[in-house]
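Asks: Same order as they appear, the protein sequences are chains D and P.
Heads up, the first sequence is in my numbering, so the first residue is 1 and it goes up one at a time.
Heads up, the second sequence is in my numbering, so the first residue is 1 and it goes up one at a time.
Hints in this document: simulated from the structure, not taken from any laboratory.
All figures in this text were calculated on a predicted structure; none of them were measured in a lab.
Every residue, glycine too, gets a C-beta built ideally from N, C-alpha and C.
Hints should not be assumed to be uniformly reliable.
Just the calculated beta-carbon pair ranges, DEER-fashion [to be verified]:
#1 P/S155 with D/L17: 39 to 45 Å
#2 P/V77 with D/R75: 47 to 53 Å
#3 D/S237 with P/F238: 31 to 37 Å
#4 D/Y206 with P/D35: 49 to 55 Å
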Amino acid sequence: MFQIYLPIAEMSVDIFLLLGMGGAVGFLSGLFGVGGGFLMTPLLIFIGVPPPVAVGSEVNQVVAASVSGFMAHWRRRQVDFKMGGVLIAGGVLGSIFGVWLFGILRQIGQIDLVISISYVVMLGSIGTLMMVESLRAILRRRGGTNVRRKAHVHHWGHGLPFKMRFRTSRLYISAVLPIMLGFVIGILAAIMGVGGGFFLVPAMIYLLGMPVGVVIGTSLFQITFVTATATFLHATSTQTVDVMLAGILTLGAVFGAQFGTRVGAELRGEELRGLLALVVLGVCVTLLWRLVAEPASLYALSPTGFH
Amino acid sequence: MALALLAAVFAGTGKLAAQEIMAGLSHHAIGITADFAGTEILVFGAIESEGDIVVVVRGPRQEVVVRKKAPVFGIWVNAQSAVFQSVPGFYGLASTRPLGEIVDADMRRVMEIGIDGLRLEPADMEPSVREEFRAALIELKQAEGLYPMEPSTVSLAGGRLFRATIVLPAGVPVGTYAADTFLIRNGNVVAAQSSPLIISKAGFGAEIYNFAHRESEFYGIAAVIAAVIAGLAGNLLFRRT
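Please put together the full structure from these sequences, using the hints given.
Replies: If you want it as structure tokens, here you go:
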């Protein structure tokens, strides 16, 4: 037991609990190649961190996690900077909108609810999709059939104006699509404290039609800048960024991720994804239970003197 | 009449009042550091003549919103709320005898002695709901240990020297506190003295908190830079070759 006082969350927490959580989520993110923000924010809420502070601090931690991944992809030249720049433009606008909305929801006393519901919806749908996908893959492997996907599908998005050429991605598409996509990611970062890679990566592949090789690097490039913007905006307008909390989690996550990457290299993909789906659905159900179970006290206090 | 008495007592000009009771505190400033787990303050002093003593330690006044949850489509949502102006962040009390035996309810309300005497009235609310939210506010504060339910005892030595201990829990709010000592005889406050007590954040945590609130732009930039450096360091440390 070694308690540490978190100055913005205004609570004392066992430092080893935080390091352990950082390590565990870092391990999972290394194992599955995911960001981990979508697991960390709910965990922080479970240990009693006020949801707004959990979001503000976690978005700060995601900056550290994504910068690290971005560097690795940059060295391998797997980043489309032009596409990333357009996505960032949308993301900055989205996070400005998201932080503004966050402030209003907090004022009317509904921010905790909105954070929880967003997580239930997001974790529920991702968890289900991943579960279905991994079960299918396992069945397919056993059955021996192999279905090929179309590489490039034409859809409504290709009729939009402001076409731009993205050389690295070998694309000539409307800039409206990546700006809209970036905008959504910016809102997710501001309200949920996540990087949004779980949503961004598939959207870049299927919606924008980007080649798989540059998708991860480009998404990390965008996430780094958008979470940095959201961190700054939360620090200045909602004061929910706890650097002490973010720092301790990052420390744990750095080591956990290394361990996770090594273990992940020796395990099969489909079973791993099924496992992650179980974790995600478990967190989702726990959050849902907290929303529907009758609370121990119907009343809650919130000071208004400071914001 | 009560107001005139209050004025005389608190102005401290009445020579009689000033001499009837003298009180001091073990601390006038408390710093909340990273490992703060609550503390005690000792209020001590002397009285000139017989009487009962009540010691009240009151935290800084804050505006507080009490929200009540109600089920909406099966989900518990914050529905009704009440805004209370000037709610003491902490209210601890000690007395020589149970409060009810010393002063009556009217006097308690006038002097704000005892939790039931606190003037906590939400603005624009029906009286029936008002009482419900007032009770909820006090219950929540008690659950946090900020309005201790069991008053401590003031011990009197030789009928003249008194001392009382007030326990401050780990979650006490920061700000300016007042430790008031009342000398009460026949249900009336005959003398009172107020001593200030400052509780503030101290150490590294305080610096972070102040930085975040006073220079939030620089704090935001620093938070981003710290994360970027941590990310780069992690990347370099475990760079796979």
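Asks: If a hint holds in the structure, say so; if it doesn't, say that too.
Replies: Against the structure, the hints come out as follows:
| no. | hint | verdict |
| --- | --- | --- |
| 1 | P/S155 with D/L17: 39 to 45 Å | holds, 41 Å |
| 2 | P/V77 with D/R75: 47 to 53 Å | holds, 48 Å |
| 3 | D/S237 with P/F238: 31 to 37 Å | holds, 35 Å |
| 4 | D/Y206 with P/D35: 49 to 55 Å | holds, 51 Å |
Comparing the model with each earlier hint shows no violations; every hint is respected.
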